[in-house]
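J.: Sequence:
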Amino acid sequence: MVDTEHTVFSSASSDSGLGGVENRKLNEPNQSARSFDDDDFQLPANWPDYDFERKKSCLFSRVFSTCVTKAINHLELVQNAIEHKDSPTRKGATYRREIRFTHKSSPMELQIIGQGGQVGHEHSHHHEILEDEIIDEVLLLLARLDRERLRLITLCENEQFIRNRLRESIDHWRLKRLRDLPLAVQREHEVCINDINELQWHITYNVKLAEKMSAKIEISRTWHQQLDIEVSDIRQTTALMAEKVQTELIEIKRLTDALKETEHELMLSRAKNADTLDKSARANQRATVERNEIRSELDKTIKALQQITTKLHTAQDLHKTYLKTITDAKENVKKNTVAYNEEVIKRDAARSEMSDLKLKVFI
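Letter by letter, the sequence shown follows residues 1 to 363 in full-length UniProt numbering.
Errors might be hidden in some of the hints.
To be verified - Cβ pair distances, simulated, as ranges:
#, residue 1, residue 2, range
1, Glu-157, Leu-312, 15 to 23 Å
2, Ala-215, Thr-256, 15 to 23 Å
3, Trp-201, Thr-238, 19 to 27 Å
4, Phe-161, Val-344, 15 to 23 Å
5, Glu-290, Arg-174, 22 to 30 Å
6, Asp-328, Leu-183, 38 to 46 Å
7, Asp-299, Trp-201, 31 to 39 Å
8, Asn-284, Gln-306, 46 to 54 Å
9, Gln-306, Val-344, 54 to 62 Å
To be clear, the hints were calculated from the coordinates, so they are not data collected in a lab. Since the model is a prediction, treat every value here as computed from it, not as a measurement. We put the beta carbon where it would ideally sit given N, CA and C, even for glycine.
All chains should be modelled from the sequences, with the hints used to inform the complete structure.
T.: Shown next, in the form of structure tokens:
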């Protein structure tokens, strides 16, 4: 589960272009995470040594209900054997001891109750079971439960460590997205604004230049009309005006050349205006493409954050399940400890009673 989440984070960071160093931080928990076996956990110092590798019919490493049920069945078989053994007692028997185990319907509530009584001296050839063997079996079961409790505590601590690292990674990514993406968008926005302002300035300048050229053309046309009127008037005058007409014709020719030059400049200005409009259109198109790319990056980032949030909820649910399992195991250990203490007290009382009876018999 941890590797999958780190893979998702690394892919999201590479797509957005803002990741880099954080991927190495996320891969650190993979080096420390490992699987735990039952052999990694040792019992406390006050426990005796047990051979957990020997095969038993009720040996299951992680299933509590089946192991406890088989242990109860085994105790019932032992009780039946004891009752069958003690049924034909001799007449001269002075004492008898009887052990009875009760079994309740709920497998979570295990109680072992011993009752004292007379034990005959006669022993059958079958079902010879000593009480020390029964106590050893119960202690072995309690030792296995204690090892399982230690293993679950270690696994819970490991899951809490992974959850904290995952939460830190998610917070780091959120802060990075909230800090870097708006800055990048702001920079692109400012660049686009500068380009648009520059293009608008060029357009305004070309428009003003075109207006000036149009004004010059209008003035030239007005002069041309006035000159035509004057030429017509001069043609009606005397021959003395011929020289003036020639002079005026030269002036008209000069004005015509100026008009041609003005028209040529107007054509150049129109070409520059068209080029400027083309550049403006391409700049607007490029700004639109960049805005679409930024929107796609934002959508990818939102999807990655949603996936990370979903995996965080999954990890939290798994953590709650582990906590519930640990609580149930603690309750079972407490109940078994109480039953064990009661059995030890009753056994000591029975032994003291037997020793008193033996002393009375010898006396």
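J.: For every hint, state whether the structure bears it out.
T.: Right, here's what the structure says about each hint:
| no. | hint | in the structure |
| --- | --- | --- |
| 1 | Glu-157 / Leu-312: 15 to 23 Å | holds (19 Å) |
| 2 | Ala-215 / Thr-256: 15 to 23 Å | holds (19 Å) |
| 3 | Trp-201 / Thr-238: 19 to 27 Å | violated (58 Å) |
| 4 | Phe-161 / Val-344: 15 to 23 Å | violated (39 Å) |
| 5 | Glu-290 / Arg-174: 22 to 30 Å | holds (25 Å) |
| 6 | Asp-328 / Leu-183: 38 to 46 Å | violated (51 Å) |
| 7 | Asp-299 / Trp-201: 31 to 39 Å | holds (35 Å) |
| 8 | Asn-284 / Gln-306: 46 to 54 Å | violated (33 Å) |
| 9 | Gln-306 / Val-344: 54 to 62 Å | holds (57 Å) |
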